[in-house]
Amino acid sequence: MSGRDDGAMAGRAAALAAFDRRDDRADLAVLTAEAAPAAEPSRDPGDGHRTTLRFDRDGLSLDLRVRAQGPHRSLSGLVGGDFTHAGLEVRRPGSVVRVRVGADGTFSVEGLERGPLSIAVQRTGRRPVVTGWFTV
Amino acid sequence: MPRGGTGSRFPVPPGSPTPPAELSDSDLVHGARRGDPRAWEGIVDRHLPMVNAIARSHRLSAADREDAVQTVWLTLNQQLPRLRSPESLRSWLRRVTNDVCGRQRRQAARHSPVDPHSLSLADPGRLPDPESHVLDREEREELHRAVGRLTDPRDRSAALDYLGLSHSGRDGPTSATAANQRRRMIRRLRRILEESP
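First to last, the protein sequences are chains A and B. Just so you know, the first sequence maps onto residues 54 to 189 in the numbering used here. Just so you know, the second sequence maps onto residues 13 to 209 in the numbering used here.
In case anyone wonders, no lab produced these hints; they're calculated from the structure. Hints are supplied without guarantee of correctness; some may be wrong.
Not the full set, but computed from the structure, chain A residues with beta-carbon under 10 Å of chain B [what the hints assert, rightly or not]: (1) Ala-61; (2) Ala-63; (3) Arg-65; (4) Ala-68; (5) Leu-69; (6) Asp-76; (7) Ala-79; (8) Ala-86; (9) Ala-88; (10) Gly-168; (11) Trp-186.
We put the CB at the ideal spot given by N, CA and C, even for glycine.
Generate coordinates for the entire structure from the input sequences, incorporating the hints supplied.
Shown next, in the form of structure tokens:
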């Protein structure tokens with residue numbers, strides 16, 4: 054089947070590349086709220102606030118704000134919960150970006166290409182928590 | 013070629029010579045859970061045409077469609093160990109594809125460019141004034157806080173669903189939220205809002 058990428062099988066390579074069992078034991082944070090600004094007529098729809106998301110898992114919360122900056126996206130957010138230190142990874146298909154989380158739980162990352170994204174939060178002595186995939 | 017299937021009639025150890033196309037969805041899911049890339053390939057080859065057809069039916073741009081389809085497969089990979097009915101994989105994929113594409117379409121619709129000439133024709137009366145915008149936002153934030161104070165997770169889920177804040181992106185109540193549950197949730201939500209300072 055390799056090499057088939059016609060209409061019906063478009064995206065086959067990306068679909069095959071999605072196979073990865075490393076997070077099978079991670080806890081999954083569920084999307085509990087999603088809000089977006091109301092549509093407004095604009096000459097430049099490329100910039101600005103796109104969406105706000107919230108994920109929760111066992112007392113850990115992750116509030117995210119996605120903004121558009123021309124062809125790129127930026128992500129800022131707040132990790133909340135009972136922990137002394139958290140590490141955060143922004144996962145894209147085929148790559149991972151490690152992001153520093155401030156003492157107050159805030160973080161931000163800029164210059165992201167559009168496309169699917171998931172976030173993993175690591176806390177000392179606990180299983181990692183990963184969010185579901187969403188597009189930015 | 014078994015499509016879907018009801019049980020694990022062919023328990024396939026990794027490296028089994030049985031061609032994936034001859035296995036049921038349930039067998040392929042179990043194989044993929046064990047880490048067999050051939051089983052995953054079997055799932056992709058069997059269901060990708062349906063996922064693509066659904067994505068095309070949403071009339072997304074090529075880039076949005078590509079993102080949505082990729083998100084579906086990343087989601088399936090993530091949910092693989094948690095799928096409760098592997099034999100219903102096809103309907104699970106159909107539902108998730110529609111959800112992902114619907115969200116992508118709504119996101120694109122909010123940000124589609126407008127002809128500059130038509131901006132001057134926009135009726136300013138239809139746009140929210142700044143005061144209403146701020147009040148709406150405050151009301152929404154207050155509701156969010158009240159939902160967060162509901163102690164029963166079922167009430168929280170029902171409230172998010174009822175208020176159109178759930179991840180499905182639907183507006184308003186759905187049949188998924190039973191009438192009794194809605195009434196109970198609204199009572200508790202009202203009490204919390206009344207008790208708020």
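Do the hints match the structure? See the list:
1. With a least beta-carbon distance of about 4 Å to chain B, the hint placing Ala-61(A) at the interface is held under the 10 Å criterion.
2. For the restraint placing Ala-63(A) at the interface with chain B, the shortest Cβ-Cβ distance is roughly 6 Å, inside the 10 Å limit, so the hint holds.
3. Taking 10 Å as the C-beta contact cut-off toward chain B, the hint placing Arg-65(A) at the interface holds, the least distance being around 6 Å.
4. Because the beta carbon of Ala-68(A) sits about 4 Å from the nearest beta carbon in chain B, less than 10 Å, this interface hint is met.
5. Interface restraint check: Leu-69(A) against chain B, minimum CB-CB distance 6 Å, threshold 10 Å, status holds.
6. At about 7 Å, the closest approach between the beta carbon of Asp-76(A) and any beta carbon in chain B falls short of 10 Å, and the interface hint on this residue holds.
7. Because the smallest distance between the Cβ of Ala-79(A) and any Cβ of chain B comes to about 9 Å, under 10 Å, the interface hint for this residue holds.
8. Because the closest C-beta pair between Ala-86(A) and chain B is about 5 Å apart, less than 10 Å, the hint holds.
9. At its closest, the beta carbon of Ala-88(A) sits 7 Å from a beta carbon of chain B; the interface hint therefore holds under the 10 Å criterion.
10. Contact between Gly-168(A) and chain B, as hinted, is supported at the beta carbon level, the nearest pair being about 5 Å apart and thus within 10 Å.
11. Taking 10 Å as the C-beta cut-off, the interface hint given for Trp-186(A) holds, the closest approach to chain B being about 4 Å.
Checked against the numbered hints above, the structure breaks none of them.
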